[in-house]
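**Q** Protein chains in written order, with numbering that gives the first Met the number 0: chain U, 0 to 347; chain R, 0 to 133.
If you are wondering where the hints come from, they were derived from the structure by calculation, not from laboratory data.
Treat each hint with caution, since some may be false.
[To be verified] Sample of chain U residues facing chain R (criterion: CB under 8 Å; computed from the structure):
#	residue
1	D98
2	D180
3	G184
4	N192
5	R209
6	S213
7	D291
8	D293
9	A295
10	V296
11	E299
12	E313
13	L314
A virtual CB, placed ideally from N, CA and C, is assigned to each residue, including glycine.
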Amino acid sequence: MIVHQILSGAGPVDAVTTQALVYRSLFDEWGFGGGEYAVSIDPRIASRVRPLKSFAPGADDVVVIHYSAYAPKLRAVLDLHNPKLLVYHNVTPARWFWDYEPTIAVHCSLGRRQLPEFAKGVDLAAGVSAFNAAELAAAGASRTAVIPIVFTRPDVGRIDRPDGPPTIVFVGRLTPHKRQDEVIGAFALYRNNRSPDARLVLVGEGLTPRYAASLVELADRLAPGAVTFRSGISRDELWRCYQEASAFVCLSEHEGFCIPLLEAFHFGVPVIGRPSGGVVEVAGDAAIITDDRDLAVTAELIHLVVSDSELRDELARRGQARLAAYAADEVAVAVRQAIDEVAGALRA
Amino acid sequence: MKPEAAVAAARASVALRRADGGYSEDPETWRIEPPERPSTDLLLEWAIIEPDMDLVTSTRRLGAPISWVKRVVVHLIRQYTGQLASQQTRVNVHLMGRLGELDERLADLNHRVADLEQADLGHRVAELEDSGRA
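The shape of chain R in the complex, shown without the other chains (with noise of 0.2 Å):
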């Protein structure tokens, strides 16, 4: 068989044995579900950034002096983390802010495309109704 030949021969096979019950598995149910999306409330909780000074921690043999002075460093740089949490919060707010917009925007559009498939429904049923009636 030539290469050019293949794809149809291929086709007319699974004809066949789909005539005969092969091929009866049901690929659609093979998928690889994606991992759940944060929902949007998550998201606005992770959008502040409060970092926690409790979780300043160590878990080393004398983790107690090196938590101390973990947190003393923490605090003697707070000027600058503040400022790059304050940054980070800033964008994800606005992107936040964006996505709600988007998601009334999305479901306007979905409710006037409900609404315009209902009424050319009813303009059909209408027309039906009249042919008959002629």
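The following block holds chain U by itself, in its conformation from the complex (with noise of 0.2 Å):
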């Protein structure tokens, strides 16, 4: 069998990219041919994915197109009458981003208006959680199955922490739908109350540098000198991080899969979140989630996770044996059956 990927954007560290890769492992090992394309390609992934305009599939080629932005040329493969397999990456509603960055929030817009014309033009449509699924069903797909991303877990885990003042983390980029103005209050309100030396660490990129300086400027406010914000850091420095955290925060509004989840787990990082998107489902029982809008009740759950060895152990045990949902072998099979069903809708 002969499986394509198509992808709006490739590059060497975005989530898209990667899990079209690992797609790619798994065609490999099963004796699959075809290869990834894209529309805009960084070139640190040339060699891997071939540009979109020299796409040429065979009549019975799958196509698998990864949809997770607003991308107008990929609309040219669904005329194409290949058994077509929709991967939903979600696309975060656009309200979040009209004070702060319009064009953003234009392609966010048009990423989710014309998501129902890709949904409907697919053999089957399928979400990397069952919230991104909820949504394809929402937009019109007649079939849609849940293909959860496959989590590579890092070469590096867990370490004894040394004491130390407690350090809170999140990752995530940073823009006002994942709230790391919330994340920074409620650090303060520990901070003020419970643990005077606590640090917060926040590791993301800015959505514009005004957003950035924003937040540093909330956090010199509410705890001078506790907050670090760091971006463009290598896997290893990023590990290191989730290797020195005392707990992690995800206070997002939105939040499709939510990947830092299963990093903070597979470091045994007891994890705090807000019951939003794909969130409930990827935590599972193995996070601590509350829809408390009280920044003072996150505030005490940090302490709780810091100061509570039988909770955090708890959490650590639950947080490893989640992991086993997102590991290749148990994905693969999602996938295949997926494309199984693709292919087969053309035989029928």
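From these two lone chains plus the hints, build me the complex, please.
**A** Right, here's the structure in full:
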């Protein structure tokens, strides 16, 4: 069988590209041919991904479309008569960006408006979470499935944390919907009321320099000298952040999946989260999830996971168990099922 | 403690600490204010695209001849840029028209809601007065 994958953009550290390459390694194992194509390609990955304009599939080739952004040039792929599988990685609702970056808001708005066309134009529409699959069904997909993200465990694992001030961590782009402002607020409350020497590390690129500066200013006001912003760091540096973390606090208002939760589980870091988007299903019973808007409650939860070793150990144990659902072998079954279903649609 | 018990325990702890004067901060004042949006009047001004030839300049050494060459190029492709500008202006003007309509409808709806609330309030006061007399 020949299976091609289509992406709007391809980059060396981009999550969607990473998944496409994981799929390719599965396809290689199964003896499938085909290649990866993208509209825009980062030169660092040009050896593995070809330009979309060179895409010329055979009549029976299966086409996997990874959808994560507004991509008008991908529309042409829908017109092909090949069997097609859509993998939806989610598009953030535009309302979070209008005030800060209208151009991104327009792209998100278009990306979500264009989704029904893709959802209806394929043989099977799969979300990387049940939350995403529900969005596909709402967009008019007749057949949906869930193909979770494959989580490749880092080479390094937990370390015995040295006694020191508690370190709170969140990993994610500095954007309004990820609510780093509230993470800073909850941290400031924790610091003021429980642990004056605690530290907060926020890892992620800023949506815009201006938005990032607003967060820095807020951090300087609420917890001067205690908040570190890190961006453009290597994988090893990122793993070090998790290794040094006492708790991972995710107060995002929208997440299609949230890979950092799995990274925190891997490193045995207790997770406190908000029940938004795909967070609840990805976290399962391995995180403390609360919809309480009182940041003091989040601050007390931080205190609990830092000070209660029984709670911390139980969360770490559940986190390890949770990762099994995202192991390559487990997800491979879902990928194979979807490919066979789509290829079977052509034969039928 | 089991994770399932953590939220209730945290809420109880917050209540206790607040009773003792803890957690007295007001996080409502910690919000990041979004940048000010351009006013409708400013957007209207921006909607009409009128390229200014005086903006075609060069700050390099020997800038004058470079500016002259640039202006010649702009002049030569003015048919194309004119089409672009008029296409974009058309979109902008229609969007501003829709925005104006929405503004008017919103103002009208707000007035009607205020009138209904006022009428409802009057009705309730009358009912209370009636029940008081009875």
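**Q** Per the CB criterion, is D98 (chain U) less than 8 Å away from chain R?
**A** Holds, because the Cβ-Cβ distance from D98 (chain U) to chain R comes to roughly 3 Å (cut-off 8 Å).
**Q** Would you check whether D291 (chain U) satisfies its interface hint, that is, whether its CB is within less than 8 Å of any CB in chain R?
**A** Holds - the Cβ of D291 (chain U) comes within 8 Å of chain R, reaching about 7 Å at its closest.
**Q** Would the stated hint for R209 (chain U) survive a check requiring a Cβ distance to chain R of less than 8 Å?
**A** Hint holds; R209 (chain U) Cβ to chain R Cβ min 7 Å, cut 8 Å.
**Q** Under 8 Å is the threshold here; is the Cβ of V296 (chain U) close enough to any Cβ of chain R for the hint to stand?
**A** holds (5 Å)
**Q** Against chain R, is D293 (chain U) within 8 Å by beta-carbon distance?
**A** The hint holds - D293 (chain U) has a Cβ within 8 Å of chain R, the shortest such distance being about 7 Å.
**Q** Against chain R, run the beta carbon of D180 (chain U) and see if the smallest gap drops under 8 Å.
**A** holds (5 Å)
**Q** Go through the hint on E299 (chain U) and say holds or violated, using the shortest Cβ distance to chain R against 8 Å.
**A** holds (4 Å)
**Q** Can N192 (chain U) be said to touch chain R, with a Cβ gap under 8 Å?
**A** holds (5 Å)
**Q** Regarding the hint that L314 (chain U) lies at the interface with chain R, is the smallest CB-CB distance below 8 Å?
**A** holds (6 Å)
**Q** Does S213 (chain U) meet its interface restraint, that is, does its C-beta lie within less than 8 Å of any C-beta in chain R?
**A** Result: holds, 5 Å to nearest chain R Cβ.
**Q** Hint check: is the beta carbon of E313 (chain U) less than 8 Å from a beta carbon of chain R?
**A** holds (6 Å)
**Q** Would the hint on G184 (chain U) be counted as holding, given a Cβ-Cβ threshold of 8 Å to chain R?
**A** With a closest approach of 5 Å, the G184 (chain U) hint holds.
Figure legend: structure checked against the earlier numbered hints; every hint is met.
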